[in-house]
Amino acid sequence: MSHGTAAAPHVHQAPTGFWKKYIFSLDHKVIGIQYWLLALTAVFVGMGLSLYMRLRLAWPSGEFPFFGGAQMTPEMYLALVTMHGTIMVFFVLTTAPQGGFGNYFLPIQIGAADMAFPVLNMLSFWVTFVAFVVMILAFFVEGGAPIGSWVAYPPLSAVGAIAGPGQGMGMNMWIISIGIFCLGALLGALNFIATTLDMRARGMSMMRMPMTCWVWFVTAVLGLLAFGVLLAAGILLLLDRTAGTSFFVPGGLVISEQLIDHKGGSPILWQHLFWFFGHPEVYIAILPGMGATSQILAVFSRKPVYGYRAMVMAMCGIGLLGFLVWGHHMFISGMSPYTAMVFSVLTLSIGVPSAIKTFNWIGTMWGGQIRFTAPMLYAIGFVSLFISGGLSGIFLGQPSLDLYLHDTYFVVGHFHLVMGVAAIFGMFAGTQYWFPKMFGKMMNETMSKIHFWVTFLGVYAIFMPMHYMGIVGHPRRYADTSGVDFLAPLQDMHVFISYAAMITIGAQLLFLFNIIWSMMKGPKASDNPWEATTLEWSIPSPPPFDNFGGRVPVVYRGPYEYSRPGEAKDFVMQDEPMK
Amino acid sequence: MPPSMVDEFAHGNGDRLPPGTARRVYHTGMWLALIAISMFFIAFTSAYIVRSGLGDDWQALSLPPLLWLNTLILLASSYTLDATRRALLGGQREACNRWLMATVILGAGFLFGQYRVWQDLAAAGIFLITNPSSSFFYLLTASHALHLLGGLAALGYISIEALRFRLGPAKRTLVEVTAIYWHFMDGLWIYIMLLLWLWR
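Residue numbers (the working numbering), protein chains in the order written: chain A, 1 to 579; chain B, 580 to 779.
FYI, nobody ran anything at the bench for these hints, they're computed from the structure. This one's a predicted model, so the numbers in the text were calculated from it and none came from an experiment. Warning: the hint list may mix true and false statements.
To be verified - On the chain B side, residues computed to face chain A include the following (Cβ under 8 Å):
(1) T600
(2) R603
(3) V604
(4) T607
(5) G608
(6) L613
(7) I614
(8) A615
(9) M618
(10) A622
(11) F623
(12) A626
(13) L633
(14) G634
(15) D636
(16) S714
Said to hold, decoys possible - Examples of chain B residues lying across from chain A (beta carbon under 8 Å, computed):
(17) A612
(18) F619
(19) I628
(20) V629
(21) R630
(22) A702
(23) I705
(24) I708
Stated by the list, open to error - A few chain A positions that, by computed beta-carbon distances, are all more than 10 Å from chain B:
(25) K21
(26) M335
(27) D480
Quick reminder that beta carbons are idealized off the backbone N, C-alpha and C, glycines included.
Produce the complete structure using the sequences and hints provided.
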């Protein structure tokens, strides 16, 4: 905490050198774009891994490129499962919506020149970047990447290479990477909360903040409370592995005909610690998408967000409940049925705030003069995916049903729709909506719409059949089930899903091309191309270094003044004084 | 706030952020950091309580007596740091520097004392992996020591500024947030002691 920034943390001069301007920048906008680019890189890595998983599942005896002409071993498949999940959850879903868009737009939307702690902000990005590098390096150490999936359950994650090729050095790398990531996430969360509480412009009361600022705030609170717990759990796991302690490894454990020299620990303890973090993590991933959706639906329906106050309450309710439901990931861990029932009731009660949000999104669109632009399509897509994925959560939240559905493809279908793809659609929507502001160019609308429809139909084609497979009883995390009698008839469905995945992944290349093409050749964006009301649209595209060009904005209005009777235009900016 | 009030507020006092924002964000930031640190130790605590109730391998660790002396030293350092802060506010530079030096010495003394505790335990054959109770003892004391080391580094920086007589009122915020952190580490240590002492 240097005294130089203590004097005036919100003011710093525009740097001129390359390194300070683009690499170790203190500017929240540059850092936001760095996070966004990191997530973009990570999402293509994670997607590439899933493509290999789909190839293996559809054609178990096939030979694929980059495997030296050999078939993919089941262990390699598990390594792909682990790294796909880890990279997607941490480096995409946690990174882009909050670190990327949040960093770029939170200060601007509340009328600040920067985040509360610019140096910490830079550090949190670079710490996250190092975590990503360490995670990728896990592929290249002896034994390769870990094979215990993103939840890294002990005892197999705690005993070293005897539990599988990637459980040696690869698992160490995984834990170290996640530990570093936790530090970055904590620094980021602290910064977001302090910025929201203390850096708002005059007139920008909490209840005048755009929905996006509210979600970034609530997400940061979740992160601040959750990542410390994961860090602590990671340290215990690393000690079990390297120092020989027995926090998680039970006594008398025999692996590969060898007695493991630990005693008395509990693998269930890890599950509690992990899911105490893991469930809020789900909301860390999805809440920013909810905020972007609320924002975009209002802008393109030309109506205020329906029930703003209820939306804020619902979001806080989801955040709070998110900390009380971790046990629903552990119904089959041998927990008492009474405990399970408490977790179940709390889990199902999340349906209330979720329904409020869904109802209000539809209420926002109801009777509006809807403009079906690309960002709007993705936002509507988000609502669709959130409903589809959320409904199956009601099944899984009941212990009696979960006992059967646990660890089947039903779960895979559920969480991919509701937290994976819905959150990704939030990012698509955010990218489409804010691209003109970030880069000063409009994205190509035709390419965007083609990408939307292929992706939207594609993800349903991929994940809907998985619900059916799960109900049939197909377990997840197996590289090949074609030899199992009752699952063999499902092989054609695997092939269908893999084709759908290939087409959907192909469409993402179009998205990438659209970004690059639009940056170079896209038509110039005006200051406010969407005719929106929040502060980021009151400044040039892209914004100047200090955001408001020396001016300090004053806010006079709420964030959603659309279609007000008696006004000349159908929108009124937040910083436009009352008549 | 009604719009007319906003207007009045806006045109009243120039167009910068209200004065004191910097001070406020540093205080907010410190409290948030303390919440995050609390969650970290709460996670260890829950693991401690659960693990102590599992199996039959838990052997209660008798706390080395030196810990009580260390506790007194740390409590004294909180007192001297508060005296530092009060002397700084009162403009008594020399008194401020004296109290500050005392705090640094006491803080370093606590860490050295903890090191001696670990040495004594090791000499008695009690290591990290000897028993889950000793695992948690080393884990909790080392985690606390690491956090305290951060506080000591901040105090070291403040001392250098103080000895050069550069610790003016502009540095007040730095001293304040460091003091908040230090007192919290003091409280955290009392908590850890009670946990290790009462939940054996």
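Consistency of the hints with the structure:
| no. | hint | verdict |
| --- | --- | --- |
| 1 | T600 | holds, 6 Å |
| 2 | R603 | holds, 5 Å |
| 3 | V604 | holds, 4 Å |
| 4 | T607 | holds, 5 Å |
| 5 | G608 | holds, 5 Å |
| 6 | L613 | violated, 10 Å |
| 7 | I614 | holds, 6 Å |
| 8 | A615 | holds, 5 Å |
| 9 | M618 | holds, 4 Å |
| 10 | A622 | holds, 4 Å |
| 11 | F623 | holds, 5 Å |
| 12 | A626 | holds, 6 Å |
| 13 | L633 | holds, 5 Å |
| 14 | G634 | holds, 4 Å |
| 15 | D636 | holds, 4 Å |
| 16 | S714 | holds, 4 Å |
| 17 | A612 | holds, 6 Å |
| 18 | F619 | holds, 4 Å |
| 19 | I628 | violated, 10 Å |
| 20 | V629 | holds, 5 Å |
| 21 | R630 | holds, 6 Å |
| 22 | A702 | violated, 19 Å |
| 23 | I705 | violated, 13 Å |
| 24 | I708 | holds, 4 Å |
| 25 | K21 | holds, 24 Å |
| 26 | M335 | holds, 13 Å |
| 27 | D480 | holds, 37 Å |
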